[in-house]
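Student: Each chain, written out:
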Amino acid sequence: MSKRILSVDDSMSIRQLVQFTLEKEGYEVVLATDGRDALEKLRGQRVDMVITDLNMPDVDGIELIKALRTDPEFKFTPIVMLTTESAMDKKDAGRSAGATGWIVKPFKPQQLVAVVKKLIG
Amino acid sequence: MDAQGELYRQEAYELLDTLENALMELEQNPSDMEVVGRVFRAMHTIKGSGAMFGFNDISNFTHTIESVYDLVRERRLDVTPEIISLTLHACDQIRAMLDASAGGPPVETGRTSSIEDAFKGYLDRDTDGPSEAPVTEEAAAPVSEAGCDATWRIRFRPHRDVFANGTNPVLLLGELRGMGECSVVLNMDDLPGLDDLDPEGCYACWDMVLTTGEDANAIRDVFIFVEQNSDITIEKVDREDAPAGDPAYKRLGEILLERGDVDEADLEKALSSQERIGEILVKTGASTTSAVTSALAEQEHVRSSRTRRLASEEASSIRVSASRLDALVNLAGELVTVQARLSSLSARRNDADLLGVAEEVERLSAELRDISMSMRMLPIGTTFAKFRRLVRDLSAELDKDIAFIMEGEETELDKTVIERLSDPLVHLIRNSIDHGLEPPGARTASGKKAQGTIRLAAEHSGAHVLISITDDGAGLDTQAIRAKAVEKGIITPEAVLTEAELHSLIFSPGFSTASSVTSVSGRGVGMDVVRSNIEALGGTVELTSTRGKGTTVTLKLPLTLAIIDGLLVTVSEETFVLPLSAVVECVELTETGRNRTHGRHIIKVREEIVPYIPLRGVFSIAGATPKTEQVVITEISGRRVGFVVDRVIGQHQTVIKSLSGLLRGVEGISGATILGDGSVALIVDPIKLAQHADAASCGLHAPRGAIIREKASGLCTP
Numbered sequence: 001m002s003k004r005i006l007s008v009d010d011s012m013s014i015r016q017l018v019q020f021t022l023e024k025e026g027y028e029v030v031l032a033t034d035g036r037d038a039l040e041k042l043r044g045q046r047v048d049m050v051i052t053d054l055n056m057p058d059v060d061g062i063e064l065i066k067a068l069r070t071d072p073e074f075k076f077t078p079i080v081m082l083t084t085e086s087a088m089d090k091k092d093a094g095r096s097a098g099a100t101g102w103i104v105k106p107f108k109p110q111q112l113v114a115v116v117k118k119l120i121g
Numbered sequence: 001m002d003a004q005g006e007l008y009r010q011e012a013y014e015l016l017d018t019l020e021n022a023l024m025e026l027e028q029n030p031s032d033m034e035v036v037g038r039v040f041r042a043m044h045t046i047k048g049s050g051a052m053f054g055f056n057d058i059s060n061f062t063h064t065i066e067s068v069y070d071l072v073r074e075r076r077l078d079v080t081p082e083i084i085s086l087t088l089h090a091c092d093q094i095r096a097m098l099d100a101s102a103g104g105p106p107v108e109t110g111r112t113s114s115i116e117d118a119f120k121g122y123l124d125r126d127t128d129g130p131s132e133a134p135v136t137e138e139a140a141a142p143v144s145e146a147g148c149d150a151t152w153r154i155r156f157r158p159h160r161d162v163f164a165n166g167t168n169p170v171l172l173l174g175e176l177r178g179m180g181e182c183s184v185v186l187n188m189d190d191l192p193g194l195d196d197l198d199p200e201g202c203y204a205c206w207d208m209v210l211t212t213g214e215d216a217n218a219i220r221d222v223f224i225f226v227e228q229n230s231d232i233t234i235e236k237v238d239r240e241d242a243p244a245g246d247p248a249y250k251r252l253g254e255i256l257l258e259r260g261d262v263d264e265a266d267l268e269k270a271l272s273s274q275e276r277i278g279e280i281l282v283k284t285g286a287s288t289t290s291a292v293t294s295a296l297a298e299q300e301h302v303r304s305s306r307t308r309r310l311a312s313e314e315a316s317s318i319r320v321s322a323s324r325l326d327a328l329v330n331l332a333g334e335l336v337t338v339q340a341r342l343s344s345l346s347a348r349r350n351d352a353d354l355l356g357v358a359e360e361v362e363r364l365s366a367e368l369r370d371i372s373m374s375m376r377m378l379p380i381g382t383t384f385a386k387f388r389r390l391v392r393d394l395s396a397e398l399d400k401d402i403a404f405i406m407e408g409e410e411t412e413l414d415k416t417v418i419e420r421l422s423d424p425l426v427h428l429i430r431n432s433i434d435h436g437l438e439p440p441g442a443r444t445a446s447g448k449k450a451q452g453t454i455r456l457a458a459e460h461s462g463a464h465v466l467i468s469i470t471d472d473g474a475g476l477d478t479q480a481i482r483a484k485a486v487e488k489g490i491i492t493p494e495a496v497l498t499e500a501e502l503h504s505l506i507f508s509p510g511f512s513t514a515s516s517v518t519s520v521s522g523r524g525v526g527m528d529v530v531r532s533n534i535e536a537l538g539g540t541v542e543l544t545s546t547r548g549k550g551t552t553v554t555l556k557l558p559l560t561l562a563i564i565d566g567l568l569v570t571v572s573e574e575t576f577v578l579p580l581s582a583v584v585e586c587v588e589l590t591e592t593g594r595n596r597t598h599g600r601h602i603i604k605v606r607e608e609i610v611p612y613i614p615l616r617g618v619f620s621i622a623g624a625t626p627k628t629e630q631v632v633i634t635e636i637s638g639r640r641v642g643f644v645v646d647r648v649i650g651q652h653q654t655v656i657k658s659l660s661g662l663l664r665g666v667e668g669i670s671g672a673t674i675l676g677d678g679s680v681a682l683i684v685d686p687i688k689l690a691q692h693a694d695a696a697s698c699g700l701h702a703p704r705g706a707i708i709r710e711k712a713s714g715l716c717t718p
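Protein chains in written order, with the working numbering: chain A, 1 to 121; chain B, 1 to 718.
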């Protein structure tokens, strides 16, 4: 059974890139457009990892991470945040909220794969 | 423009529309933070995704604008009509950049700079905010000590709450293992009793000793996400380029002391008593069993690594010219021959003393021969390594994603064999890449990984070397093969063949199922040439394939060319040698059997009809044909051919001597050997004789298989 990854980002091009990159490596990818959409999609589903942008409308990345960490289903699920160099304070907020790791945008596809492999194998 | 870039452009145009609408709203409600958030987010995405997909000019431009709106968000700057106008101009400029990227008119960079400078003005006014340059390149990697292996001691102690952020420490251990030789020892000293245990807490600590060519930063990077909630120490304890010296490395007590797992005073006290230091330290509670085991593991790890180094430092090598080596091998071969004569003479004389000496000489000359032949052996890895480039270039040319794995590179083969293997291997690899492995699209469509794999492996097996090329591609298409074979007249349409027989049809000359001839392969001269090349080396080719799963081609080669296992046979007074590797069985041919076939040279063996070639006839040997002859049946290129001789003597270790210039052109003889009694036996080349017979019987060079079959069923009139 291949591992399933949820990619959350309000940018369609990023979502597509993440999906294309990870599906090539044999992972299954589910997409969501923001935090609220993500929580909807996660209802009743198992995922092995969540990759989320931090800056999204409605429910943003930090709130999503907090919500996931209080849910026993996702308490120990690896969560990776997509951050930008100029928003390091957001990155710290993400870590306090319980994110497992981060990738700085812009990133190369291989970096994404390396982080995924590091956290879920 | 690639697909990803196009996607971004579409998204960016949409975002600009959203942005402009938001700006209009903001103009009406300059203090509405929700609208400011929308503006900021749109800028942020245009910037971030722009950098991702190579639109660096847009990314750099929007960076400054984003920073300004960040100030607005933090209420450090108020929205003014000027800012709104400026931002609208910026949107136009971004649009112009997007248009330019798809071949539109070039951007007026002057305008870009002036808008940017205007925004910068707002930033400068805010003295608190830092202005950071956008980083569009990766940070330069720290300078590392490249190349030299070193051994590191790593202690990884995650904090109790490390699981709470989704970390799995075990995966990090795997990552370290992937960097080199790594010994891992678990330390569970902190594990409390069940009453005090928090099931969601981490009580484990790991000690690792890792030998790797990577530097400290690479090791630290493994722990990049857990640095803040674990204790990590990384220290170098040995370097591969330091002389091995004494492999013993540090003593246990030293290691424990260095790690802080024992107190100096306790160590001293323990050392002064007689027992083994580790036991004492555990017994006296000065340290724990886990700590001691772990330190011992480090000791062992570095010790064996140093011993290995020592061994390789002492072993040295020397260059020898190939011709001198050949001369040595030749002499060793001659010695074996003369020794055979000595042995048979001494046996005849029945002199005990002489027999003893003869045995001694036999033993020594066998050893000399073995060692001199082994000097011609080289690891096949050098040939394999060339193929990496080939695979890379071919997969790029054909747009396929291929991983190339090599195994058994240290397997040794005779130098000449390796040289003559190169071409056949190239052909087989090309076949795999061109015909076997599917393009990434087709692969994912059928549930396979997009990346295909070719594995090239070598291993010893008895007196042979097995080289296999395995791919996880589409496998052979038996339907296509069958159709092609019928089309080329290789088989009749009604012929019934097993899957294995269909697979072996691809070795027929002129066969190829590639519908278009690519520059890489498809010309159809390949597989039969591969097979005859391998058989000329005294080896065999086998093929197994499963449709949809992949194909494996296995080459079985003798370890050396200079000596073969031969079958000694006689015709009249002449002795010949047939290569035993090709021989499958011997059957008798009586006069009655000969007559039954009315002059056609065929014999029925069980249910199969096997054609034969009488050596007497081929070599025009004088003397009468005996009543009962022997047929030595060989399997060549997938079909059976018999050679008729008077008597079969038996197996004989044949040292091959090449024929001199005059005789070298003789077809059907591949060399000669000197027998124990000093006489000469010619070594028969069954492949050439069979080809010769084919050509002679029908007057033309048609596909071998067809001819033999037709001959056997009497359709071809001689």
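Be aware that a few hints might be false.
[Stated by the list, open to error] Chain A side only, calculated, beta carbon under 10 Å to chain B, not exhaustive:
hint	residue
1	Thr-84
2	Ala-97
3	Lys-105
[Claimed, not checked] Pair ranges (Cβ atoms, derived):
hint	chain 1	residue 1	chain 2	residue 2	range
4	A	Met-88	B	Val-170	41 to 51 Å
5	A	Gln-45	B	Asn-56	34 to 44 Å
6	A	Gln-111	B	Glu-487	30 to 40 Å
7	B	Glu-268	A	Lys-3	21 to 31 Å
8	B	Glu-268	A	Gln-111	26 to 36 Å
9	B	Glu-487	A	Lys-3	38 to 48 Å
10	A	Gln-45	B	Pro-105	29 to 39 Å
11	B	His-89	A	Met-88	48 to 58 Å
12	B	Thr-492	A	Lys-117	50 to 60 Å
13	A	Gln-45	B	Glu-14	46 to 56 Å
14	A	Arg-46	B	Glu-14	27 to 37 Å
15	A	Arg-46	B	Glu-300	18 to 28 Å
The set of hints was computed from the structure by calculation and includes no laboratory data. Everything numeric in this text was worked out from a predicted model, so none of it was measured. For glycine and all other residues, C-beta sits at the position ideal for the given N, C-alpha and C.
Student: Using the beta carbons of Arg-46 of chain A and Glu-14 of chain B, state whether their distance is inside 27 to 37 Å or not.
Tutor: Given a distance of about 33 Å, which is inside 27 to 37 Å, the answer is holds.
Student: Given a hinted range of 41 to 51 Å, is it respected by the beta-carbon distance of Met-88 of chain A and Val-170 of chain B?
Tutor: violated, 29 Å
Student: Classify the hint on Lys-105 of chain A as holds or violated, based on whether any CB of chain B lies nearer than 10 Å to its CB.
Tutor: At about 5 Å, which falls below the 10 Å cut-off, the nearest Cβ of chain B leaves the hint on Lys-105 of chain A intact, so it holds.
Student: Using the beta carbons of Gln-45 of chain A and Asn-56 of chain B, state whether their distance is inside 34 to 44 Å or not.
Tutor: holds, 38 Å
Student: Falls inside 50 to 60 Å, the C-beta gap from Thr-492 of chain B to Lys-117 of chain A?
Tutor: holds, 55 Å
Student: Do Glu-487 of chain B and Lys-3 of chain A keep their Cβ atoms within the hinted range of 38 to 48 Å?
Tutor: Cβ of Glu-487 of chain B to Cβ of Lys-3 of chain A: about 47 Å, so the range 38 to 48 Å holds.
Student: Could you tell me whether the CB distance from His-89 of chain B to Met-88 of chain A stays inside 48 to 58 Å?
Tutor: Violated: the Cβ-Cβ distance is about 30 Å, outside 48 to 58 Å.
Student: Okay, Gln-111 of chain A versus Glu-487 of chain B on CB: inside 30 to 40 Å?
Tutor: Given about 51 Å between the Cβ atoms, the range is violated.
Student: Confirm or reject the claim that Glu-268 of chain B and Gln-111 of chain A have a C-beta distance inside 26 to 36 Å.
Tutor: violated, 50 Å
Student: Does the interface hint hold: is Ala-97 of chain A within less than 10 Å of chain B, judged Cβ to Cβ?
Tutor: holds, 9 Å
Student: Evaluate the given range 29 to 39 Å for the C-beta pair formed by Gln-45 of chain A and Pro-105 of chain B.
Tutor: Check failed, 48 Å falls outside 29 to 39 Å.
Student: May I ask you to test the hint 46 to 56 Å on the CB atoms belonging to Gln-45 of chain A and Glu-14 of chain B?
Tutor: violated, 29 Å
The structure does not agree with the numbered hints 4, 6, 7, 8, 10, 11, 13, 15 stated previously, though it agrees with the rest.
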